[in-house]
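Sequences listed follow chains E and C, in order.
Under the working numbering, the residue at position 169 of the first sequence is numbered 169, and the numbers go up by one with no gaps.
Just so we're on the same page, the working numbering is the position in the second sequence counted from 1, plus 342.
Any given hint could turn out to be false.
Claimed, not checked - Derived DSS-like pairs: lysine-lysine, alpha-carbon spacing no greater than 27 angstroms straight-line: (1) C/K845 <-> E/K94; (2) C/K737 <-> E/K257; (3) E/K195 <-> C/K845; (4) E/K27 <-> C/K809; (5) E/K27 <-> C/K737.
Claimed, not checked - Partial chain C-side listing against chain E, Cβ under 8 angstroms, derived: (6) A719; (7) N770; (8) Y775; (9) L777; (10) P796; (11) N799; (12) I803; (13) T827; (14) K845; (15) H846.
Rather than coming from a laboratory, the hints here were simulated on the basis of the structure.
All C-beta atoms, glycine included, are put in the ideal place defined by N, C-alpha and C.
For reference, the chains in residue letters:
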Amino acid sequence: MTANYVTVLADWDGDGTPEDDISADVKTFTFTRGRDVELGRTQAGTCEILLRNEDGRYSPDNQASPLYGYVLPGVLIQAYYTGLSGIVYLFTGKINEWRPNPRLDEQNCYVYAIDGMDALSRGTANVALQADIKSGKIVGDVLTDAGWPALARTISTGEYNHPWAHVSGVSALEAINQLEALEYGARCFVDGTGKFIWQDSLYRQAVLSTLTVDNTNTHIEATFNLLNVWNEITCDFTPDAELQPDQVIYELQNPLKAPGAHLVKAQSPGGWDYWENQPVTLHCAYQYPCKNATFLWASLLYYDANTEPDGSGIEVPHWVEAVVKTFASTYAEMIITNVGGW
Amino acid sequence: MGLFYQEVSIVEKRQDHYAVILTENIAPIAGGWYRATFPTGIGALGMSLMASALAGAGGGGGVKTTGTWVSGDTVLSGIDIALASRSHHSMDGSAFWTSQIAVVSGEAYSLSGALRFTVPAAPAGTTLFHAQVRIWTSGYQNVSTVDLFDVGVGTYEYEVPVYASAVSPPNGILTDFGNPEATDGSAYPSGQQLVYCTSMYLAFHGQLELSYYYTADSPCDRITATSITSTAAILSSPDYPGAVWTWGAKDNPVGADSTDGILHGLTGDTWYWYKLKLNCLDTIVWFKTLPEGTLYIETLPATDLDWENKSATLNGASAGMEQVYFEFDITPVMAQKSVIIPATDYFSVYMHHAYQNRTYYFRAVGIDSHGTKYYGATMMFELVQTTAADAYVTKLIIRGSPLVPLETMTLTASDAASIAKYGRRTYNLSTQYSLNQDDTQVILNEILADNKDPRVNNLIITFQNLKAGAYKDSVIAADISTRITLINTLLGLDGDFFINNVKHTVIEGGTSYTVQWRLERIYDTTPEP
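Pulled out of the complex, with its shape left as it was, chain E reads as follows:
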């Protein structure tokens, strides 16, 4: 590969390895990551690419394109720079948007991609209540809950001890951002290889300067203003909390209907009708965050079902299956399925 060159790869076949070189079609390539302001939050890294598209190969609906069927959102891309000193990975992320422009004086395709931080902002994170842990453990648990690969992360331990910690009801990115804000000086980001980086507040203390920058070849913008003046810092704080003994933390207040299976009619001639269960999801919110939440569905001490909502019918606990979908620290989700009401 030529030195001083940026290579852009796409993963058309979706095998997780970007190996299809589209560099020759790249007109411009821009990426950014990190915080905009010092006390701000780390944003997801983004990338914008302008591709040549004279032959329409990057037009998603162009059936004549050799890439037809592959030009879709979600394609993994990776860019790296080949310098005299070796390779520097610049950006790894997934394409969010294809925007081909067929105008004769344009004939290009704008591509917008975003790194893995974006995926962390999509789902709700749940980390069980734990005692005496540091930020690195919490971040690791959040990433694991979000399905982030264990090998694609570098996590610092964390400076402070959290007497209690849990994550519930927020996105994984929000959970990590809050931790980043509390542990002043900590940073999180997704690096050029796609690896998640958590640098605790002690991290920068061990970093030495590796580069000296002077006036040469640089343009500097320096701003003085009041935007980052803060002279009163507040934090709502609970100085003490007490773990209570094992007890009932949720009890069903009203009968929950578990509908029987419904008949699905065959869609094609000669097909067979079949019965399909109709599970429902029960959201069980606790009053306080809880540790070691359990549901013993097999015991009628904890669970019962009846053919009538007021309990006057036949007791049919064996009709109903209750499977725990989630034991979060502040709620549980139960999948209730009527498998026997036939």
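Could you slot chain C onto chain E? The hints should help.
Chain C alone, transformed into the frame defined by chain E:
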């Protein structure tokens, strides 16, 4: 009249020769048959029987009428041992016939199946004796692997095979060789008995399983497993009509191997009904004594016809079947499906409720040792689903250990001088996490110290078109939290900064490369390394 059915070891399996000897030194029984089964792609074209005949009824000590082995497609002297058709026309079964013709004509081997021929009757006054069975090809094809070679020994005749001596015939005669318990129990008083066997005409090579009972009034070490083996020929020839065989068994099971087959008994021993296994030539796999007339197959109604549980088991019984399976949906409009049932005597098929709400037709099918199918009666089931009923969860409790917060307060760090100068500017640290009070206060103090006074912020450095080299590489490689030393005399800057944000813009693969950083000054609260 019944049928023996045996499997014997293949003497030789060779794929590099035009002919393979399947077995030798057998005693062919007129009316019996020999069959070789092949996998897909047969190369065999015919079978032959080479046999000699011994003169004299009964055969024992007889003299060969011809001393030369000759191939089966040659007429032995005095013995018409020629098969129905000679040479490669020797197998029966029209399907295979057609197949073989195709093979001979050079078409691809794509067939599997078996070759079989029936042993002809020996000429009057002679007995078929030593014989050898070969499988062979046309001479240019190798014989494919023979999966199985088995022998139908032919008719097996007996009349009043055994009876007990304690009672006089015909009382106590075991009239059913396969089911002695069905006979008169009074014929088997406890104690020892002498058992006679008359007109026994057995022909078998290998393990024979006989489920009948004898007692003996003398030690029965005369017939041990070893002696049984050695006496197989005796048993398999009609040389001993009216011979008296005496044996008995103690209440120890007789196993399948020869060491367990030693039978002996003493006067006064108590004898029981016994399953006796005679291991003769170590080659018989199984043995059936069921007369043809008892072959049957039937299907019993499902155990739960109202389908309360939305599943049911369909039971059946059979006798004399090699294999049993169910066919269902056998009406013309439905595709026929089948379910193989592993058992053959008693079998059942379980219908899961997933298949309900429609009509099924069932039929049990059995296949006997000859491949003949026996069909049970067709049954019809209409499986109708009742209306799905709802259920109500009336009780559901989750247990756990709640963490109950005791107090909540707001911690504050403020700087009066800064407030007086710039007005109150509040930064609230909103988080769901909690540290202890001291740690939290330390953090608030640090934030206050770093931010209570105006300072350069959003310091942005832009590099454009750096000359290729190590410096450019370092600038491009710098990432978040990279520490740099920034010197700009015009701005009065000379200190270290951390990169908080990077932005790269590349045109045409790198002909133009711009790097931009947003920097954060190292604060006093951040200790120097």
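These are the hints, each one checked on the structure:
no.: 1; hint: C/K845 <-> E/K94; verdict: holds (18 angstroms)
no.: 2; hint: C/K737 <-> E/K257; verdict: holds (12 angstroms)
no.: 3; hint: E/K195 <-> C/K845; verdict: holds (18 angstroms)
no.: 4; hint: E/K27 <-> C/K809; verdict: holds (21 angstroms)
no.: 5; hint: E/K27 <-> C/K737; verdict: violated (64 angstroms)
no.: 6; hint: A719; verdict: violated (25 angstroms)
no.: 7; hint: N770; verdict: holds (5 angstroms)
no.: 8; hint: Y775; verdict: holds (5 angstroms)
no.: 9; hint: L777; verdict: holds (5 angstroms)
no.: 10; hint: P796; verdict: holds (6 angstroms)
no.: 11; hint: N799; verdict: holds (5 angstroms)
no.: 12; hint: I803; verdict: holds (5 angstroms)
no.: 13; hint: T827; verdict: holds (4 angstroms)
no.: 14; hint: K845; verdict: holds (4 angstroms)
no.: 15; hint: H846; verdict: holds (6 angstroms)
Checked against the numbered hints above, the structure violates hints 5 and 6; every other hint is satisfied.
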